[in-house]
Amino acid sequence: MITRTLLRAFDGKTSLVVAILITIAIAVPASNLYLPVGHPLRVPNHFVPLLGKYLTYAMLALALDLVWGYCGILSLGHGAFFALGGYAMGMYLMRQIGDRGVYANPILPDFMVFLNYQELPWFWYGFDMFWFAAIMVVLVPGLLAFVFGWFAFRSRVTGVYLSIITQAMTYALLLAFFRNDMGFGGNNGLTDFKDILGAPLQAGSTRAALFAASAIALALSFIVCSAIVRSKLGKVLVAVRDAESRTRFLGYRVDNYKLFAFTASAVIAGIAGALYVPQVGIINPGEFAPANSIEIVIWTAVGGRGTLVGPIVGAVLVNAGKSWFTGVFPEFWLFALGGLFVAVTLFLPKGIVGALAQGWTALKARRVSARAEDGSDAAPEPSPAE
Amino acid sequence: MRGRWPAGQKGARKSENIPSAVDTKTMHPTCLIRTLLVALALLFTTSSAFAQDVEALVNALPEGGYSDREKVIFDLAATGDERVAGLLDALGEGDLYVREEDGRVVAGKRAGRDYALTDALTGEELGTAPSSALEKIRVNNRLRRAVRSAIGQLTLMSPSPPVRLRAARSLLRNADPDSLELLGTALAAETDPQVKKMMETARAAIIIKTDAGIEEKAAAIDLLAARGDREALAMLTGAHSSAAPELQPVIERGIAGIERKLAMWDGLQNVWYGLSLGSVLLLAAIGLAITFGVMGVINMAHGEIVMLGAYTTFAVQQVIRTSFPGLFDYSLAIALPLAFLVTALVGIAIERGIIRWLYGRPLETLLATWGLSLFLQQTVRTIFGPNNREVGNPSWMSGAFDLAGLSITWNRLWIIVFALVVFAVLLAVLNRTPLGLQMRAVTQNRRMASSMGIRTPWVDAMTFGLGSGIAGMAGVALSQIDNVSPNLGQSYIIDSFMVVVFGGVGNLWGTLVGALTLGVANKFLEPYAGAVLAKIFILVFIILFIQRRPRGLFALKGRAVDA
Amino acid sequence: MDQNHPPLLYLDGVSVSFDGFKAINNLSLIVQHGELQAIIGPNGAGKTTMMDIITGKTRPDEGEVFFAGDVDLTRLDEAAIAELGIGRKFQKPTVFESHTVWDNLELALKKPRDVFSAWFYHPSEEDVGRLEDILATIRLTERREELAANLSHGQKQWLEIGMLLAQDPKLLLVDEPVAGMTDAETVETAKLLREIAKSRSVVVVEHDMSFIRDLAARVTVLAEGSVLAQGSLDHVSADPRVIESYLGR
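Going down the list, the protein sequences come from chains Z, H and E. Counting from 1, position 194 in the first sequence corresponds to residue 194 in my numbering; the numbering is continuous, with no gaps. Counting from 1, position 515 in the second sequence corresponds to residue 901 in my numbering; the numbering is continuous, with no gaps. Counting from 1, position 179 in the third sequence corresponds to residue 1128 in my numbering; the numbering is continuous, with no gaps.
Treat the hints as calculated values from the structure; they're not laboratory data. Just so you know, even glycine gets a beta-carbon here, dropped at the ideal spot from N, CA and C. Just to be clear, a hint being listed does not mean it is correct.
Reference listing, derived: stretches of chain H covered by chain Z, where coverage requires no fewer than 3 residues with Cβ under 8 angstroms from a Cβ of chain Z [said to hold, decoys possible]:
#1 502-513
#2 811-817
#3 871-884
#4 928-939
Taking beta-carbon pairs under 7 angstroms as the criterion, some of the chain Z residues facing chain H (in silico) [what the hints assert, rightly or not]:
#5 Leu74
#6 Met129
#7 Ala133
#8 Ala168
#9 Val342
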């Protein structure tokens, strides 16, 4: 039964996307590692983690799309799940530093020595083991989403109210993680990582491996999301998005469906965060900022919500644009981003992919009707009325 | 833009009474007291012969040995001349000098390498002189005691009640057992009840330090306990360990009484701070209550409109500073209507340009207005620069006064008053004007209103303009207590939404109650949890509260609020 | 009430008020197994509110609502009540517009409603056959792959009735099924509902008198939140109170 569901996930489009992602996962690291420096096809060293970062953002946007595009829950707090996954990974990386820190304390990370901690806080136990950290990467965001969603959906908080309280959630976490006595490094967050699973983070091979891991994780998330949205479960989610109370009267427990989508989405976001942190080398409370979470929404909106390819396209395009802008016209980035929000909502509500798909369908429909009308196979002339 | 929210951004608020262009000119308090004394002295010194007598005594100060000087001090005190107090003060501090060129007795304060000189008696400024041109009038401990008691005598016996009151208060602080006798004499002669009470308290403070009888001490303790402030608490706590065993319970009772009283005052002070925070929240949220509550439009750029109001104030003050400095005290009165106008126009432009295309799509409205907020922020940053701009407090907004045990700053008081006035005016507009009627009609049934001949697009634009204009006026008020920077709006937007959602969408009274409740709750939590944790608690509380009552405290039916 | 053969639906002394306005006032109503009952009444008589109470959308302030003898509907939520076998068609046709006709029916098809069953659901041949039958019944076989948004108003009404059939409920609550339909469609709908009522109970709320005549059902007249009269259409239309409050003089 499960295999059949997975097989259904692999329709033509999904297979294509997965094939592209796997190609990227192999090609980019290979070109960086094996082509000589200066070769026109070689991906430069600093580009590998940058592209890897885009892929984790794409995963985050995909996660948001699952709840927003397919279930109508506009979460303005998805940055929180991303950041929590990132912190779980950051804690593992922190403990890997061992006695190579400035204060050379074998157990306590530098910031704890600096803040006069005498012993490791209990919630740092176990993070010296990768498997434990990996479980936490999934568990912590998932649990937060589950508890938050359980309360919110059961009491039928919907629409903008839900958006506002998700924003309040990430804002509260932002304030909490800024506090030094939370035990997560306060303002500065966690940084100065040395190695992951014994491999030094600065090494080209490690970066290449992290990139490949990000691409594969994105491909897997894509398959899972595809398996969800192409099943009856996905149809119920869309039904909830379009007519929530009607779905209830059909006998579906809408709260459970929302809770499932929200939690699954948070888990994907958490994994994305965990892959993000080793590639950028830092995690700090700024990731919880409400502004960041809203930015994720715009990636999804630009690409096209309610499509699975859209958020990936949107996240990569917007972030590539951001990298370019902040390099060339740093003052104008906020103008561009602000303008993008307005333009997309006003003129491109379905996003790039949605608009292309619509155009394609319209074109096909026109062909079909033209064929029906004059009984020929000739492509129709575009009429001025259209 | 990642990480754009700076650390502890809420902690960096302007302190209550930051020195502004106006109050830098005001003087140091001790300086003020001295000027006051001189002024009083001039009032009471009528006979010039008398004055001459004093001057002769002053000129005799440097001569002879310490014992001669002690006699002169008592003679000076005996003249009862008010100006002598300042002179003796300076003497006790070791600030009196003889100017070598003319033998004049002067008071000298170090000013850079030299000394700034004033006449010892009149305070008249006499320029500066290097230390080589001055000879210090030396004092020893005995003389210092003599000076103190002379000053005490001079001031405690002064004909002016405020001077006596001040003297008694300073005695209460020092509680110098040497002054007991003098105090007794002064007390016997005292007629003013307020001064008398202060003197009695001072005497009590001294008595518990002496080896007086148990009865007398117990009475003194009760007297101090009745005063009930921190000073009395410190005195009693200090006396506790060394007191006789019989007195211990009396002192403990006194301490407990004072602590109860102080706790009550603390509570009241917290209520005050809470109301003050609540009024700020109310101002920030009240415009939102119109746009979100009445129209159902999620305007994430609301905070930026508040910011525009604050920058309008800044611009007005800039013009006034450069062109009409005399009008500075009226700057807020000028900025207020201007800010309303500017932000209302911006609001109408936003409604016509963006929001009207998105009615019925609240989530899209949220995103578009968020983009707009980034745009506005960056515009302001480009024009005015990224740093905080200085917006001054007019004189009537500066300073503070004491009300019973509470310290109340004028700017906070005015903002509370202003918030309530805005609230009342808004209620009146909604309930008593044709625009208000049309707004309510459109809210309740858009199609019906439209078919009754109400131009609904016009009403939409006006409603949004009204909400934005109020946000702009809030910006004027906030410029008085907060940093005016491009990020001003961001720090209020989440709080404002919390207030509106908590109070109940579409209900102005709910916004009022919501703002004040959240403000007071925040300030009551702060002492126990710290500012940040208090804020987190409030956020979590609201998140849980919305689960219980998804429509807020006072829910009304509004249009298109839920998606 | 007859303990051996309890009625399918039993409402007794139900009242509910909104902000002081009594929408339902001491309403008592019984629907028997296999019965087709029509409910008429002026606007504001409480017809839709009554449906809201039965389907769990609104909780009554007082009174009892029992299904199949001993299931207390006032304690259950919408989803649980729907799973018990009470289907509802809304006044305004609400189908899932971004789904195809086929998917709409598949969503309604009686199957386990939990998340994971839905995720791993694959239609069996039996399911497909059943859906095709329903499509034929509601005459949408030709448009099965069409998005529901593209259907005409009447087709949406029929699709919704089709969804009710797919749900396979014991009791159907049908709110104004022929609003916006042509006369021919109305006649067809009446026929369809009579057909359905052979195997289950149907309650129809409708304004259209000729349609109710076509249904040949027992009629209950609601006014101001309670039952005014009951009986055949001819019986109630002769009742002076009904004429007064509803049919007009």
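Results for each hint:
Figure legend: the stretch 502-513 of chain H, annotated as covered by chain Z; annotation inconsistent (0 residues with Cβ-Cβ distances under 8 angstroms, at least 3 required). Only residues whose beta carbon comes within less than 8 angstroms of a beta carbon in chain Z count, and the stretch 811-817 of chain H has 0; fewer than three means the coverage is violated. Under the rule that three or more residues need a Cβ within less than 8 angstroms of chain Z, the assignment of the stretch 871-884 of chain H holds, with 4 such residues. With 7 residues having a Cβ less than 8 angstroms from any Cβ of chain Z, the stretch 928-939 of chain H passes the three-residue criterion, so the hint holds.
About 5 angstroms separates the beta-carbon of Z/Leu74 from the nearest beta-carbon of chain H, less than 7 angstroms, and the hint is met. Restraint check, Z/Met129 versus chain H: the minimum CB separation of about 30 angstroms is more than 7 angstroms; hint violated. Interface hint status for Z/Ala133: violated, as the beta-carbon distance to the closest one in chain H is roughly 23 angstroms, over 7 angstroms. A cut of 7 angstroms between beta carbons decides the hint on Z/Ala168: the least distance to chain H is about 5 angstroms, and the hint holds.
Taken as an interface hint, Z/Val342 checks out: its beta carbon lies about 5 angstroms from the nearest beta carbon of chain H, inside 7 angstroms.
When each numbered hint is compared with the structure, violations occur for hints 1, 2, 6 and 7.
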